[in-house]
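Enquirer: Each chain, written out:
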Amino acid sequence: MNETWLILGASSAVARAFAREAAAHGAALLLAGRDMEDLEHQAADLAIRHGVSALPMRFEARELASHAGFVAECRQRAGSGLLNVFLAFGVMPDQAEADADPAVAAGMVEANFTGAASVLGVLGPVLEAQQGGTVVALGSVAGDRGRKRNFLYGATKAALLVYLQGYAARLSGAGVRVLCIKAGPVDTGMTWALPRLPFMASPREFAAAAWRRAGRGGGSAYLPVIWWPVMTIIRLLPTPIFNRLNI
Amino acid sequence: MPDTLAAQAATRPTAWKQTALQGWGRSSLSPCLAARPERLRELRAALDAPEGRTLIAHGGGRSYGDAALNTDGAVVVTGRLDRILGFDPATGELVAEPGVTFADLLDVFLPRGFVAPVSPGTAHVTLGGALANDVHGKNHHHAGSFGEHVLWFDLLLADGRMQRVSPESDPALFQATIGGIGLTGLVAALCFRLMRVPSNALAVRRRRVRNLDDFLAGFAAAGGATWSVGWIDALAGGASLGRGVLETAEPAESGIEARPAKARRFPIDAPGWLLNGASVRAFNEFYWRRVPASGQQVTVPYRQFLYPLDAIEGWNRMYGKQGFRQFQCVVPPGPGEAALRQLLETVAAGGNASFLAVLKVMGPQGQGMLSFGMPGYSLALDIPARPGSEAIFARLERITRDAGGRIYLAKDSLLSAESFAAMYPRADEFRAVRQRVDPHRRLSSDMARRIGL
Numbered sequence: 053m054n055e056t057w058l059i060l061g062a063s064s065a066v067a068r069a070f071a072r073e074a075a076a077h078g079a080a081l082l083l084a085g086r087d088m089e090d091l092e093h094q095a096a097d098l099a100i101r102h103g104v105s106a107l108p109m110r111f112e113a114r115e116l117a118s119h120a121g122f123v124a125e126c127r128q129r130a131g132s133g134l135l136n137v138f139l140a141f142g143v144m145p146d147q148a149e150a151d152a153d154p155a156v157a158a159g160m161v162e163a164n165f166t167g168a169a170s171v172l173g174v175l176g177p178v179l180e181a182q183q184g185g186t187v188v189a190l191g192s193v194a195g196d197r198g199r200k201r202n203f204l205y206g207a208t209k210a211a212l213l214v215y216l217q218g219y220a221a222r223l224s225g226a227g228v229r230v231l232c233i234k235a236g237p238v239d240t241g242m243t244w245a246l247p248r249l250p251f252m253a254s255p256r257e258f259a260a261a262a263w264r265r266a267g268r269g270g271g272s273a274y275l276p277v278i279w280w281p282v283m284t285i286i287r288l289l290p291t292p293i294f295n296r297l298n299i
Numbered sequence: 015m016p017d018t019l020a021a022q023a024a025t026r027p028t029a030w031k032q033t034a035l036q037g038w039g040r041s042s043l044s045p046c047l048a049a050r051p052e053r054l055r056e057l058r059a060a061l062d063a064p065e066g067r068t069l070i071a072h073g074g075g076r077s078y079g080d081a082a083l084n085t086d087g088a089v090v091v092t093g094r095l096d097r098i099l100g101f102d103p104a105t106g107e108l109v110a111e112p113g114v115t116f117a118d119l120l121d122v123f124l125p126r127g128f129v130a131p132v133s134p135g136t137a138h139v140t141l142g143g144a145l146a147n148d149v150h151g152k153n154h155h156h157a158g159s160f161g162e163h164v165l166w167f168d169l170l171l172a173d174g175r176m177q178r179v180s181p182e183s184d185p186a187l188f189q190a191t192i193g194g195i196g197l198t199g200l201v202a203a204l205c206f207r208l209m210r211v212p213s214n215a216l217a218v219r220r221r222r223v224r225n226l227d228d229f230l231a232g233f234a235a236a237g238g239a240t241w242s243v244g245w246i247d248a249l250a251g252g253a254s255l256g257r258g259v260l261e262t263a264e265p266a267e268s269g270i271e272a273r274p275a276k277a278r279r280f281p282i283d284a285p286g287w288l289l290n291g292a293s294v295r296a297f298n299e300f301y302w303r304r305v306p307a308s309g310q311q312v313t314v315p316y317r318q319f320l321y322p323l324d325a326i327e328g329w330n331r332m333y334g335k336q337g338f339r340q341f342q343c344v345v346p347p348g349p350g351e352a353a354l355r356q357l358l359e360t361v362a363a364g365g366n367a368s369f370l371a372v373l374k375v376m377g378p379q380g381q382g383m384l385s386f387g388m389p390g391y392s393l394a395l396d397i398p399a400r401p402g403s404e405a406i407f408a409r410l411e412r413i414t415r416d417a418g419g420r421i422y423l424a425k426d427s428l429l430s431a432e433s434f435a436a437m438y439p440r441a442d443e444f445r446a447v448r449q450r451v452d453p454h455r456r457l458s459s460d461m462a463r464r465i466g467l
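Chain order of the listed sequences is A and B.
Quick note: the first sequence uses the numbering used here, first residue 53, plus one each step.
Quick note: the second sequence uses the numbering used here, first residue 15, plus one each step.
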């Protein structure tokens with residue numbers, strides 16, 4: 053397979069599992085993130101387990117000015133192969149913390165939305181030029197309806213979804229597939245300390261499902277699939293009832 | 015801006031959660047704060063446990079008792095640190111993070127003709143746990159325990175220093191950490207040598223054994239076998255005491271078609287009455303009769319021979335909500351033979367529903383200060399946690415101690431401090447190293463406190 057997957061936010065547990073899935077299918081990996089020590093470990097692991105090329109790359113979502121140079125380097129590293137993108141970075145500070153400190157709120161918007169829109173924007177022409185490839189981005193079920201507990205995070209993911217809809221429309225002519233995964237909670241460091249959450253998926257199961265879904269084309273998809281009926285009900289709840297729920 | 019971001023990331027507090035953990039035997043529930051680092055940076059941060067709590071690493075959760083439990087303390091779950099960091103096919107040298115499991119090694123390296131030189135009875139054990147318990151396998155009589163194959167490890171000490179420890183760089187700390195049940199530091203990476211094998215399969219011979227004498231003679235005759243293990247029907251008494259099945263195995267020259275391993279899951283906590291003398295007796299009888307009287311020779315994949323119980327995920331639930339305890343001891347040759355008989359008689363007389371007990375010949379003394387392995391015979395058996403089972407353990411402990419044997423810490427949940435001191439003559443050496451690297455006892459566990467370390 054002459055394909056490369058660029059993993060943005062590669063140190064997260066979900067991204068790590070997805071990178072293993074892609075490597076198991078023979079893809080080369082560009083592992084982009086901030087923790088270079090960790091990315092080195094991951095690159096070694098992928099190369100040994102699956103015999104693929106894996107390169108750590110420094111990437112900072114909130115340094116918008118660096119994105120153009122970063123994308124150019126990715127294009128070059130991918131060589132003549134098809135470049136695909138898995139966008140997994142994002143932060144989820146406590147809603148109360150974000151309410152109390154505007155800097156925390158702004159930082160989340162910057163990382164989860166502004167940074168994502170910026171790097172995808174720069175990647176757009178590259179993907180168009182290669183006339184193909186797949187973009188998979190991690191949205192969240194939290195983006196379906198603003199809940200008391202988590203609406204700032206949810207808002208950043210809702211914004212990302214709308215961005216991806218337009219992005220998909222723009223790139224569809226070039227044969228680029230864009231998939232927004234509305235992720236339910238996954239058993240990672242992000243959810244470890246939270247109270248027990250329903251329908252929790254392991255990163256490995258989640259990544260395997262994401263890989264299969266990406267192979268079937270773009271659009272948006274709930275993962276695990278159980279979140280489709282659950283969120284359909286939650287979206288349809290009348291506002292007076294929804295507002296009384298402590299979810 | 016980048017500096018402040020990096021600073022934010024570095025100072026982000028470790029995620030701790032209040033939870034309750036169990037050993038594999040599920041005989042007790044231990045409340046603690048737990049963190050599950052996903053990378054080295056988070057492992058370092060986890061050293062700083064909240065409220066000055068003590069800390070212990072927890073790998074695959076396959077220690078049967080309380081070796082990896084820390085009631086009201088803090089526990090670092092290492093399973094997400096699961097990267098393979100280096101492999102040299104010329105020498106077989108492997109470098110890996112502590113959360114890599116034996117199952118990972120089988121998946122990645124058996125197709126390339128390598129297996130772990132020593133493997134415990136379940137593939138879900140992590141390499142960090144293998145080091146900390148100096149685990150052994152069915153080839154102990156030849157290969158020794160896991161620690162014999164370790165070249166070095168990176169140890170995160172209680173004061174935050176990371177030290178690469180080898181037999182040359184710091185022999186005392188090396189020997190204290192091998193089998194040191196996690197009390198010298200947190201393992202961040204380790205290097206050991208894999209063993210080359212000709213195929214993915216083993217040629218296994220099984221034969222029925224009538225009683226204990228027959229077993230010991232069988233082991234003596236099979237001394238040249240690469241792997242050997244005995245399954246004993248621990249409910250058989252009288253003339254059949256020690257009756258069972260002896261298995262020996264050699265690497266098969268040609269492999270067999272590998273089917274993807276799919277474990278069945280034990281669905282529920284079995285009700286307490288299910289395991290009784292009659293049901294277990296029937297199972298053990300079946301297991302014995304399964305092997306034809308004339309013996310049997312089969313070629314099986316490594317997984318099936320090395321990890322038979324892994325075929326049923328969560329088999330420990332078979333013992334119901336109250337759980338069970340495992341007893342494993344090693345007794346020296348000579349006095350140990352009489353001790354084996356006494357141990358089996360004690361269990362058979364108690365009528366305790368114990369599934370197949372495991373008998374093995376053990377090889378050299380391990381180099382770890384608290385290594386279990388020593389020349390002699392090892393006997394392992396499960397006993398359901400019921401009223402009266404602690405008294406049986408006390409008797410088994412006494413017999414073992416009087417025979418000059420010792421009890422395996424990885425399996426233990428009841429050993430007394432006094433017997434520990436008698437069974438582990440290098441405990442004071444171990445204490446001295448711990449005093450040097452962790453003078454404030456930041457690392458501790460339920461087991462450490464119980465056995466007086």
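Just so you know, these hints were derived from the structure itself, not from any lab.
Some hints here could point you the wrong way.
[Claimed, not checked] Derived CB-CB ranges, DEER-like:
| hint | chain 1 | residue 1 | chain 2 | residue 2 | range |
| --- | --- | --- | --- | --- | --- |
| 1 | A | A117 | B | E107 | 24 to 34 Å |
| 2 | A | P281 | B | P125 | 53 to 63 Å |
| 3 | B | D121 | A | G267 | 49 to 59 Å |
| 4 | B | A435 | A | S105 | 49 to 59 Å |
| 5 | A | F251 | B | P281 | 58 to 68 Å |
| 6 | B | A186 | A | R268 | 50 to 60 Å |
| 7 | B | R303 | A | F251 | 28 to 38 Å |
| 8 | A | L249 | B | R303 | 19 to 29 Å |
| 9 | A | S224 | B | P281 | 39 to 49 Å |
| 10 | A | A76 | B | P281 | 43 to 53 Å |
| 11 | A | G131 | B | R463 | 26 to 36 Å |
| 12 | A | R114 | B | M176 | 23 to 33 Å |
| 13 | A | R264 | B | Q449 | 47 to 57 Å |
Don't be surprised by glycine CBs; every beta carbon is placed ideally from N, CA and C.
Enquirer: Determine for every hint whether it applies to the structure shown.
Expert: Going down the list of hints, with the structure as the test:
| no. | hint | result |
| --- | --- | --- |
| 1 | A:A117 - B:E107: 24 to 34 Å | violated (44 Å) |
| 2 | A:P281 - B:P125: 53 to 63 Å | violated (41 Å) |
| 3 | B:D121 - A:G267: 49 to 59 Å | violated (23 Å) |
| 4 | B:A435 - A:S105: 49 to 59 Å | holds (55 Å) |
| 5 | A:F251 - B:P281: 58 to 68 Å | violated (19 Å) |
| 6 | B:A186 - A:R268: 50 to 60 Å | holds (58 Å) |
| 7 | B:R303 - A:F251: 28 to 38 Å | violated (45 Å) |
| 8 | A:L249 - B:R303: 19 to 29 Å | violated (49 Å) |
| 9 | A:S224 - B:P281: 39 to 49 Å | holds (47 Å) |
| 10 | A:A76 - B:P281: 43 to 53 Å | violated (30 Å) |
| 11 | A:G131 - B:R463: 26 to 36 Å | violated (58 Å) |
| 12 | A:R114 - B:M176: 23 to 33 Å | holds (30 Å) |
| 13 | A:R264 - B:Q449: 47 to 57 Å | holds (54 Å) |
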